[in-house]
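Participant: Which chain is which? The protein sequence lines are A and B, in order.
Numbers 132 to 245, taken from the working numbering, label the letters of the first sequence in order.
Numbers 11 to 121, taken from the working numbering, label the letters of the second sequence in order.
No lab work stands behind these hints, which were simulated from the structure alone.
Ideal Cβ placement from N, Cα and C applies to all residues, glycine included.
Don't take every hint at face value.
As the list claims (entries may be wrong) - A short list of chain B residues far from chain A (calculated; beta carbon distances all over 12 angstroms):
1. M58
2. K67
3. K78
4. P121
Stated by the list, open to error - Partner residues are not named here, just some residues of chain B that face chain A (Cβ under 8 angstroms, in silico):
5. K51
6. P53
7. F81
8. I83
9. A95
10. L98
11. N107
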Amino acid sequence: NAGVTQTPKFQVLKTGQSMTLQCAQDMNHEYMSWYRQDPGMGLRLIHYSVGAGITDQGEVPNGYNVSRSTTEDFPLRLLSAAPSQTSVYFCASSKTGAGVGKLFFGSGTQLSVL
Amino acid sequence: EDKVVQSPLSLVVHEGDTVTLNCSYEVTNFRSLLWYKQEKKAPTFLFMLTSSGIEKKSGRLSSILDKKELFSILNITATQTGDSAIYLCAANNNAGNMLTFGGGTRLMVKP
Numbered sequence: 132n133a134g135v136t137q138t139p140k141f142q143v144l145k146t147g148q149s150m151t152l153q154c155a156q157d158m159n160h161e162y163m164s165w166y167r168q169d170p171g172m173g174l175r176l177i178h179y180s181v182g183a184g185i186t187d188q189g190e191v192p193n194g195y196n197v198s199r200s201t202t203e204d205f206p207l208r209l210l211s212a213a214p215s216q217t218s219v220y221f222c223a224s225s226k227t228g229a230g231v232g233k234l235f236f237g238s239g240t241q242l243s244v245l
Numbered sequence: 011e012d013k014v015v016q017s018p019l020s021l022v023v024h025e026g027d028t029v030t031l032n033c034s035y036e037v038t039n040f041r042s043l044l045w046y047k048q049e050k051k052a053p054t055f056l057f058m059l060t061s062s063g064i065e066k067k068s069g070r071l072s073s074i075l076d077k078k079e080l081f082s083i084l085n086i087t088a089t090q091t092g093d094s095a096i097y098l099c100a101a102n103n104n105a106g107n108m109l110t111f112g113g114g115t116r117l118m119v120k121p
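Could you build all of it, start to finish, from the sequences and the hints given here?
Facilitator: Rendered as structure tokens:
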């Protein structure tokens, strides 16, 4: 049972480059989300989705885009990378809303923007 | 703006000690509070609390919620080195779609 799979695990970008972080889950979860984690700041929600075709902004959405064309996949796009986006990114999914069930997290992507 | 604050920021104890981690929250239309343990990478779920005064327990870990005073505590008894981790709490609002996380408490348990 794979759970939530994130790729890549590590990435280094130059300022201004774009890239996509991939996230896939095989648990048929309706809810998927992206968080970033910075030292001492816990996890901050970037974007989330409650089902295919539905996305919404979280706490820190600027500089990021998402789409949800299937139940399984929820990619996160960095449009023009900035050093402030250096962080660890986690994808997480849940059966329904984040409060109804527990979140299952991917193993994270360590992103550095130079 | 929803806010979750955890204390202490970090804690060092010896094996066998009992620890109490604190989480206070200010959330519009509060729905639930969750605790997670983060060891090396991904956080893993510990508890979800929705009702005041009802203790949730799993082995040496237990947690309780006080909705009047807007806080929760996580207790770990007879700590072991394997309990060393960052413990995160998060509050969920009534819409159910967004979790607000605290900054975490880093616990180190020494042999």
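Participant: Find the hints from earlier in the document that the structure breaks and name them by number, from lowest to highest.
Facilitator: Structure breaks hints 1, 7, 8 and 9.
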